[in-house]
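Quick mapping for you: the protein sequence lines, in order, are chains L and Z.
Here full-length UniProt numbering is used: the first sequence runs in plain steps of one and ends on residue 347.
Here full-length UniProt numbering is used: the second sequence runs in plain steps of one and ends on residue 371.
Hints may contain errors.
Derived contacts from chain L toward chain Z, CB cut-off under 10 Å, selection only [what the hints assert, rightly or not]:
1. 56
2. 58
3. 134
4. 165
5. 166
6. 194
7. 198
8. 202
9. 221
10. 222
11. 229
12. 230
13. 270
14. 274
15. 275
16. 278
Restraint ranges, calculated between C-beta atoms of paired labels, are given here [to be verified]:
17. 162(L) x 141(Z): 50 to 56 Å
18. 120(L) x 319(Z): 36 to 42 Å
19. 79(Z) x 287(L): 36 to 42 Å
20. 272(L) x 53(Z): 18 to 24 Å
21. 114(L) x 168(Z): 35 to 41 Å
Hints are computed from structural coordinates only; laboratory data are not their basis.
Beta carbons are placed, not taken as given, at the ideal position from N, Cα and C, and that holds for glycine.
Single-letter residue listing:
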Amino acid sequence: MAGSGTSHLRDGDDVLLRAERVVVEYPMRGSRQRVRAVSDVSLDIGRGETLGLVGESGCGKSTIGRAILQLPRPNAGSVHYDGVELTALSGRRLRAYRRDIQMVFQDPLSSLNPRQQIGEILADPLRVWKHGTPAERERLVADTLEVVGLDPSATLTRRPHQFSGGQCQRISIARCLVLRPGLLICDEPVSALDVSVQAQVLNLLEDMKARYGLSLLFIAHDLAVVKNISDRVAVMYLGKLCEVGAPEKLYQRPAHPYTDLLLRSIPEPDPSRPLPDADLTAGELPSPADPPSGCRFRTRCPRATQLCAEEEPVMRELGVDHHVACHHPLPTSAVPAAAPTPERTPA
Amino acid sequence: MNRIRASVKPGGAGAAPAEAPGLLRVEDLRTVIPSRRGPIFAVDGVSLKVDGGQTLGVVGESGSGKSMLIRSITGLLPAGGIQRSGSVRYEGHELLDLDRARLGAFWGVELGMIAQDPMTSLNPVRRVGAQITEPLRQHLGRSRRQARDEALGLLRMVGIPDPERRLVEYPHQLSGGMRQRVLIAAALAARPRMLFADEPTTALDVTVQAQILNLLRRIQREMRMAMVLVTHDLGVVATCTDQVAVMYAGQIVETAPTAVLFDRMYMPYTRALFASTPRLADPPHTRLAVIPGRPPDLAVPSGGCRFAPRCAYARDKCQAETPPLAKADEHGHLYRCWFPLTGRAPADPGQREPAAVHAAADRIGATKEDG
Ligand SMILES: Nc1ncnc2c1ncn2[C@@H]1O[C@H](COP(=O)(O)OP(=O)(O)OP(=O)(O)O)[C@@H](O)[C@H]1O
Ligand SMILES: Nc1ncnc2c1ncn2[C@@H]1O[C@H](COP(=O)(O)OP(=O)(O)OP(=O)(O)O)[C@@H](O)[C@H]1O
Ligand code: SF4
Ligand code: SF4
Ligand SMILES: [Mg+2]
Ligand SMILES: [Mg+2]
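Could you build the full structure based on these sequences and the hints that come with them?
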């Protein structure tokens, strides 16, 4: 296998979520085989911390997010939330934790019921959880709309299609926030939005984090967006974790060849810089149904050796808050030999 | 510095010297879509020019008319009584005068298109292979065998693993990113001389994007292919285009050679758009600039500057009078603003505060009204 291990996990009361050795398999259509969408992945999120999760399409980011919510329950591994093992819970007790962990999806419009008024959409979760009196619920809904920057009097009685994409995303964030969750899982929350609206939503999430002490799992494939919002970043490839660390370290001195490839592939918004070279082996993208032996990245890795085909690399510590699962990581102490990009040159 | 002779009409735009004909030349293009709420002025007096081997990048917020501009140029418009006026000349042919059948002769060999939505532009009931080999056989007279070999090569070039298997599959059997790559392969099959690409890499991962952009560049160099590239990715704009046009509410509000535009932005909207984009070089938790409000309703034509309701610098004149596309001193730089910014573009993170923070001193007086 490629990229497992738990050395990057932290201990202590500051850790809100600790997912350990999580495995999620899906049945494959027209076959009795199963796809391991998430294969032995461990991650943790501190209280008030934002963990950014990046990786290519299909690498298992959304699957991890749903596995935390036990939707569906992972095939193996544990999900420890605030001292409680969620994989051992069922029924009413599990639902109680689903209230504390909320999820924001990519497409705001399709995740809001088009026939309901915004006031109803926001009050529904409160009603379901029998929170307070109707008057208290009304006040909480109005307060939360104010907090996400919407005027309650102009919003409450309207329906989702009467709002722009950014406003709908703010409404779906408000719907999660009325329950005052401890952890917000954001699955590509800004990917469908315009840059100007994306900026509003990113700023809003930062404000909410500061205001409510929220913890965030922020899933996205845009590395600049993830860097902007994260306290810690985890990089995934084909159902495995490659590298975890503080954004400054991971972006300036990527240790995993895949992180390095991702960062090198991003064109800089600077006309004096060249178009990034193509990853010539990208045509050999392996399938999660039939992953390469050893390290899953080896078919595209310029540093791969025989060892990489034989043995799966295990997560290990490189420095404070920087972990990598690779047999031959890039040097992180010295400036890499390759052409430096601006964020690698000292500011 | 040489002053270029751009033919700028009020309400129109000239992105290039008047005397050079260009491979594609658009003059005062207007597209009106009828709707229940009245006519929508989706493209409102756009002029531009693209030479062989050159790339024009088109940027702007959602709904600013980027796709409608491309569709209006190529004639690939949805049904429903859409009216176009102005002029679209390709190698001297007036495309607006051609009917669908005569326009069809240009498709493939002369003009290629990568539409924004891959699902609607691939034929759902035809195999992937047929959709790529057809232009090769029809326009280039390849044999079945040759066309198949070339199609395989194209699929490999756009990074599709196991292309033999993909040839016999249908579009719904492919993932979104895979479909997008098939679409790119189909558009490039007959090696068009002019390619219109509407967000061709937006749905793709960065490593695949780098591959496609390199492929486009290679073909462009080999064939002197011209390109109009719609994208919201400022990195793609910076590294892949020669000229940039910024669209707002159906109009070009600023256009310049790419390096010039990144160095100097006159129109507050351009700067605000750039400043709201997160950058890799910025430290985590950098506060992003936000453009307040929303783009205007294109069914309600307004006098004055269309950006005025959202502009931090708006004054009375902005509401009352429509700014023309005026010439700046730099070669080929045009902008539509009464009170242009003169500060350099926000190149380093330290300068990336919201446009509103820049003081009123950060501008020159109203430039001459160009006519
Ligand atoms: N319900 C499902 N049934 C079968 N396979 C699935 C299912 N959901 C996801 N998969 C597969 O599991 C893998 C991981 O999918 P997942 O949606 O978690 O990826 P992702 O990283 O979120 O991708 P994206 O960036 O495209 O959203 C993919 O190969 C996908 O095809
Ligand atoms: N088929 C249509 N019928 C009516 N109005 C339309 C149609 N297509 C586009 N429009 C309108 O024309 C304007 C321009 O739309 P267009 O699709 O060109 O925007 P865009 O800049 O490509 O946006 P995006 O970045 O979201 O693709 C918008 O106001 C849109 O609502
Ligand atoms: S060097 Fe080996 S272990 Fe490291 S990423 Fe490359 S293939 Fe994997
Ligand atoms: S003309 Fe006025 S409102 Fe329009 S962009 Fe310029 S300063 Fe702003
Ligand atoms: Mg996903
Ligand atoms: Mg579009």
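Going down the list of hints, with the structure as the test:
1. 56: holds (4 Å)
2. 58: holds (7 Å)
3. 134: violated (33 Å)
4. 165: Constraint on residue 165(L) satisfied, holds at 8 Å.
5. 166: holds (9 Å)
6. 194: Holds: closest Cβ of chain Z sits about 5 Å from residue 194(L), inside 10 Å.
7. 198: holds (7 Å)
8. 202: holds (6 Å)
9. 221: With a minimum Cβ separation of about 6 Å from chain Z (threshold 10 Å), the hint on residue 221(L) holds.
10. 222: holds (8 Å)
11. 229: Given a least distance of 7 Å, the restraint on residue 229(L) holds.
12. 230: holds (6 Å)
13. 270: holds (5 Å)
14. 274: This interface hint holds because 7 Å falls under the 10 Å limit.
15. 275: holds (4 Å)
16. 278: holds (4 Å)
17. 162(L) x 141(Z): 50 to 56 Å: holds (54 Å)
18. 120(L) x 319(Z): 36 to 42 Å: holds (39 Å)
19. 79(Z) x 287(L): 36 to 42 Å: About 40 Å separates the Cβ atoms of residue 79(Z) and residue 287(L), which means 36 to 42 Å holds.
20. 272(L) x 53(Z): 18 to 24 Å: Holds - the Cβ-Cβ distance for residue 272(L) and residue 53(Z), about 20 Å, lies within 18 to 24 Å.
21. 114(L) x 168(Z): 35 to 41 Å: Holds: the Cβ-Cβ distance is about 39 Å, inside 35 to 41 Å.
In summary, the one numbered hint that this structure violates is 3.
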